[in-house]
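Enquirer: Chain residues, written in single-letter form:
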Amino acid sequence: MSSGSVWSALARPHRWVASKWPWRSLAYLLSGVLIGVGLLPLLAAGVLLGVLTAPLGVGVGLLLGVALVGVPMGALERSRLRLMGGDRVPDPHLPAAAAGVRAWLRVRLREQATWRELGHVFLNVVPLLLLDVLLVGNLVTGSVVLLLAPLLVSPGERLPFFEVTISTTGQVWLAVAVGVVFTLAAGYLLTGYAAARVALARLLLGPRDRELDRSLARLVDSRARLARAFDAERRRIERDLHDGAQQHLLGLAATIGLARHQAAHLPGSAPLSQRLDLAAAQVTDSLRMLRETVRDIFPSVLSDRGLPAALAAVADRSPLPVTVDLDLPHRLPSPVEATAYFAVCELLNNAAEHSGACRAQISGAFADGQLRVEVGDDGVGGAALPDPASDAVRGTGLVGIADRLAVHDGRILVSSPAGGPTHIALEIPCQEMRS
Amino acid sequence: MSPDDGPLRVLLAEDAALTRSGLTEILRVAGHRVESVDDGAALMGTIAAGAAGIDIVVTDVRMPPTSTDEGLRAAMALRRLRPPVPVLVLSAYVETQHAAELLADADGGVGYLLKDRVVHVADFLAAVRRVAGGGTVVDPELMSRLLRRRAGDRQLSRLSPREHEVLRLVAGGKSNAAIARELVIGLPAVEKHIRSVFVKLGLPAGGDANRRVLAVLAYLNASGGGPSR
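Sequence order for the protein chains is A and B. Per our numbering: the first sequence = residues 1 to 435. Per our numbering: the second sequence = residues 436 to 664.
Treat the hints as calculated values from the structure; they're not laboratory data. Quick caveat: nothing in here was measured; it's all calculated off a predicted structure. Where a beta carbon is used, it is the ideal one built from N, C-alpha and C, also for glycine. Where hints are given, some of them may not hold.
[What the hints assert, rightly or not] Stretches of chain B that chain A covers, calculated by requiring three or more beta carbons in the stretch to come under 8 Å of a beta carbon on chain A:
#1 441-447
#2 456-470
#3 523-532
#4 543-555
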C-alpha cells in the first residue's frame with residue numbers, strides 16, 4: 001500500500017500518539033476544507049451561470065471551464081497528497097500532441113483521467129466537504145471544550161457544546177480527563193478518516209495501469225526515434241565529411257602531386273622537391289586519418305553491402321587475426337545492421353586491447369526471427385556486465401552495447417570466465433528484407 | 436603490358452569537381468585526352484553507347500544518383516563488354532569486398548587504387564598506363580589487408596620478411612626492374628626471391644607481371660575468410 005506509513009501508524013496506536021500523523025492528518029483535512037469552501041461557491045456559480053447563459057453561447061465556455069476544473073484541482077490535490085507521505089502520485093494525463101489550446105483541449109476532453117479528476121472535485125465539494133466539516137468541526141470542538149473545561153465553566157454552569165451541567169469542581173476535572181480520552185479517540189478517528197480520503201484521492205487522481213502502459217509505450221517509441229535519429233545523423237556526418245573535407249584534401253593531394261611532378265623537371269629544385277615530398281606525406285597522413293574517422297562514424301560499405309561485408313572489412317583491419325563466418329542471405333533493417341555492426345566493432349576492439357587474445361572469430365546467422373551474432377576470443381576472459389545495482393565503471397562498454405541492443409528488444413549474452421575464453425552473443429529480433 | 440607511350444583517350448567519371456579537375460590535369464600533363472562525366476548515370480549511358488574509342492575508364496566508386504557504388508557497378512559492366520574496356524577504379528576507401536568483386540575472374544585491364552595515390556603522379560600515371568595496356572593494379576593497402584587476413588596461413592608464414600616485401604610489390608604489378616629499384620637490390624636477387632615466393636606458395640612461376648599479380652590475388656582471395664557476395 002503506497003500510503004503504508006499512515007496505515008502502519010494506525011495499526012500501532014501507542015506509536016501513533018507520538019507520531020506526526022495526527023497533525024499531518026489534521027492539516028490535510030483542514031486545508032481540504034479551506035479549498036472546498038473556497039471552491040464550492042465558484043463551482044455553483046459557474047454551473048448556474050453556465051446553464052442560464054448556455055443559450056447565449058457564453059455558458060458553453062463556462063461549462064467547459066467547469067468540466068476542466070478537475071485538471072488544475074487534480075494537480076493541486078496530488079501535491080497536497082505529499083503531506084500524507086507515500087509515493088508521489090504521477091500525473092495521469094497525456095501530453096498534448098501539439099502546441100496550442102485546441103490540441104490541449106482535444107487530448108484533455110478525451111482522456112478518462114480528466115473525468116476522474118472532475119468526479120473527485122464534485123465528491124470533494126459536496127458530500128465529502130460536508131462530512132469533513134462535520135467530523136473535523138465536532139471532534140475538534142469537543143476536544144477543545146473538554147480539555148479547556150476549567151477555563152470555560154465554574155461549578156453549576158453548563159458546559160458549552162456538550163450542554164451538560166457541571167455541578168462540582170471534581171466534575172470539571174473529570175471533564176478534562178474525559179477530554180484527554182476523547183481527544184485521543186478523535187485524533188485516531190481523524191487520522192483514519194484522512195487516510196481513507198488519501199486512498200480515495202490516490203485511486204481517482206493517479207494514472208491507471210493502462211495509462212502507465214501507454215506512457216511506457218511512448219517512452220519506448222521515443223527511445224527508438226532517438227536511436228533512429230542518431231543513426232541518421234551519423235550517416236549525414238559521414239556524407240558531409242566525404243563530400244566536403246575529404247574531397248578538398250584529395251584536390252590538395254592532386255595539386256601537390258602536380259607540383260612535385262613539375263618541380264622534378266626544374267633544374268636546382270632539390271630543396272623545393274624535398275618540401276613538396278613533405279607536403280605529400282602530410283596530405284597522405286591527413287587523408288588516412290580522416291578516412292579512419294569517417295569509417296568510425298559510419299562505414300559506407302555497411303549501407304552498400306550489408307553486415308557480412310562490413311564485418312569482414314572490420315576483421316581485415318583488426319590487429320588480431322579474425323575469422324568471419326556470417327550467413328545472412330538477406331539484408332536486415334538498417335538500424336539493426338548498424339547496431340550489430342557497432343556492437344561487434346566494440347567487442348573486437350575489447351578483444352584486441354584488453355583480453356590478450358591471439359585470435360578472434362565472428363559468426364552469426366538469421367534464424368527464428370532474430371539476428372544472432374557471436375564474437376569469441378581466446379583471451380584471458382573476465383568480461384562481464386556490471387551488476388546494475390552497483391555503479392561500477394568496469395564493463396561500461398558492454399552496458400552501452402546492451403542499451404543499444406535494448407532499443408531493438410535485443411540482448412547480449414556474455415560468457416567470459418576468468419582465464420577465458422570469452423564468448424559473447426548478440427541477439428536482435430528483426431525481419432529480413434526480402435527484395 | 437605493352438609499353439605503348441602514345442596518348443590515351445581517358446573517360447573520367449568523378450562527381451567532386453575539385454578531384455575531377457585535379458585528375459584531369461594530371462592526365463593531361465601526361466598527354467592523355469580526357470573526357471569527363473560527373474555521375475553514374477552518365478557513365479552508364481556512355482558505356483551503353485559502346486564506349487567506342489575509349490582506351491581506359493577511370494572512375495570513382497561513389498557517385499550520384501545513389502551515392503553508393505555506381506562506379507564499381509559501371510566498372511564491372513565495362514569488364515563484361517566484348518572486348519572489355521580497361522577500367523581503373525579509384526576509391527576514397529579500400530574495401531576488400533569491392534576489390535574482390537572487381538577482380539573476380541579478371542584477366543587484366545583492371546585496377547583498384549586509393550584516391551590518395553594521386554599525390555604520387557608518376558606512379559599514378561604508370562598505373563593508368565598499365566591498366567590501359569591490359570595489366571592489373573591493386574592498391575598496396577589492399578594487399579596488406581589480404582595478407583593480414585591470411586596471417587595464420589602456414590605457407591605465407593614460411594616467407595621471409597624480404598620475400599613478403601617482394602610479394603607485395605609483385606602483387607602491386609611492379610616489374611622485376613622496378614622491384615629491384617625499390618628495394619635497392621640487384622635484378623638477379625629479385626628473380627631469386629620471386630622464384631622462392633612462388634615455390635613456397637605453390638604458384639606457377641614465370642609469366643609476365645600481370646599473370647603474377649593475378650596468381651597472387653587468386654591465392655590471397657581463395658579461402659580468404661571473407662564473404663564472396
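Enquirer: Taking the hints in turn, state whether each one holds.
Expert: Do the hints match the structure? See the list:
no. : hint    : in the structure
1   : 441-447 : violated (count 0)
2   : 456-470 : holds (count 6)
3   : 523-532 : holds (count 5)
4   : 543-555 : holds (count 5)
In this structure, only the earlier hint numbered 1 is contradicted, and the remaining ones agree with it.
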